[in-house]
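Undergrad: One-letter residues, chain by chain:
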Amino acid sequence: NAGVTQTPKFQVLKTGQSMTLQCAQDMNHNSMYWYRQDPGMGLRLIYYSASEGTTDKGEVPNGYNVSRLNKREFSLRLESAAPSQTSVYFCASSRALGGQGDNEQFFGPGTRLTVL
Amino acid sequence: AQSVAQPEDQVNVAEGNPLTVKCTYSVSGNPYLFWYVQYPNRGLQFLLKYITGDNLVKGSYGFEAEFNKSQTSFHLKKPSALVSDSALYFCAVRDRGDYKLSFGAGTTVTVRA
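Chains as they are written, first to last, in this note's numbering: chain A, 1 to 116; chain B, 1001 to 1113.
A couple of the hints might just be wrong.
Said to hold, decoys possible - Now the stretches of chain A that chain B is said to cover, found in silico as 3 or more residues with beta-carbon under 8 Å:
#, stretch
1, 34-43
2, 104-110
To be verified - Dumping the calculated DSS-like pairs for lysine-lysine here, alpha-carbon to alpha-carbon at most 30 Å:
#, chain 1, residue 1, chain 2, residue 2
3, B, Lys1022, B, Lys1069
4, A, Lys71, B, Lys1100
5, B, Lys1049, A, Lys71
Claimed, not checked - Now the in silico label distances, taken between C-beta atoms and shown as ranges:
#, chain 1, residue 1, chain 2, residue 2, range
6, B, Ser1028, A, Gln17, 34 to 44 Å
7, A, Ser67, B, Thr1108, 28 to 38 Å
8, A, Ser51, B, Ile1051, 16 to 26 Å
9, B, Asn1017, A, Leu69, 43 to 53 Å
10, B, Arg1042, A, Asn28, 22 to 32 Å
11, B, Arg1112, A, Ala2, 26 to 36 Å
12, B, Pro1018, A, Ala96, 31 to 41 Å
13, B, Glu1064, A, Gln22, 31 to 41 Å
14, A, Gln17, B, Glu1008, 37 to 47 Å
15, B, Thr1072, A, Gly63, 30 to 40 Å
16, B, Lys1077, A, Gly63, 31 to 41 Å
17, B, Arg1042, A, Ala96, 19 to 29 Å
18, B, Gly1029, A, Met41, 17 to 27 Å
Since the hints were made in silico from the structure, they are not lab data. C-beta atoms are modelled at their ideal positions from N, C-alpha and C, and glycine is treated no differently.
Construct all of the structure, not just a fragment, from the sequences and the given hints.
TA: Structural data, given as structure tokens:
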């Protein structure tokens, strides 16, 4: 039971390049999330997926796209990377989106992205 | 709107001394409250949560937190800190009935031997 896994662990891009961050969970969770972590700002939600087949914007979606490939996998794509997207990216999953129940989120190890 | 404030960027304590990490929150309704810990180059690990009931919540690694509704606080505590507790700690809040989890900016805890 690996929990939430992310690839790659590190990535360096040049401005304008594109890349996809991969995330998978093996906990049979319905909901998945992408966050970015910047110093002094905590975690900010980029996109989320309430369940397979649905995705929605979070606080800071500009410059990103996502795909919920199946129940296990949720990818984040940067179409044209910018230096402002230098950050640590975390994927998370939870049993359900919210509402009834506590539904704590479980996090992956993160991807450290640098855009030059 | 909901928000979390962690008023201290850093907390430094000696090993064996009590550790407190402060958190205050703002939500329009009733909150679910969480503490997460992040070790260097690792993801966030869940420590404990307040859902309802007893205001004192016990979690992993000897940590506990006290929910205080009148002061809108959820401070994290450990009676006797260890050097291995040195990490970045995040408080988070979610309004019941909402999906969005809001995080504080984080508090770096350093426990010196």
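Undergrad: If you check each hint against the structure, which ones fail?
TA: none
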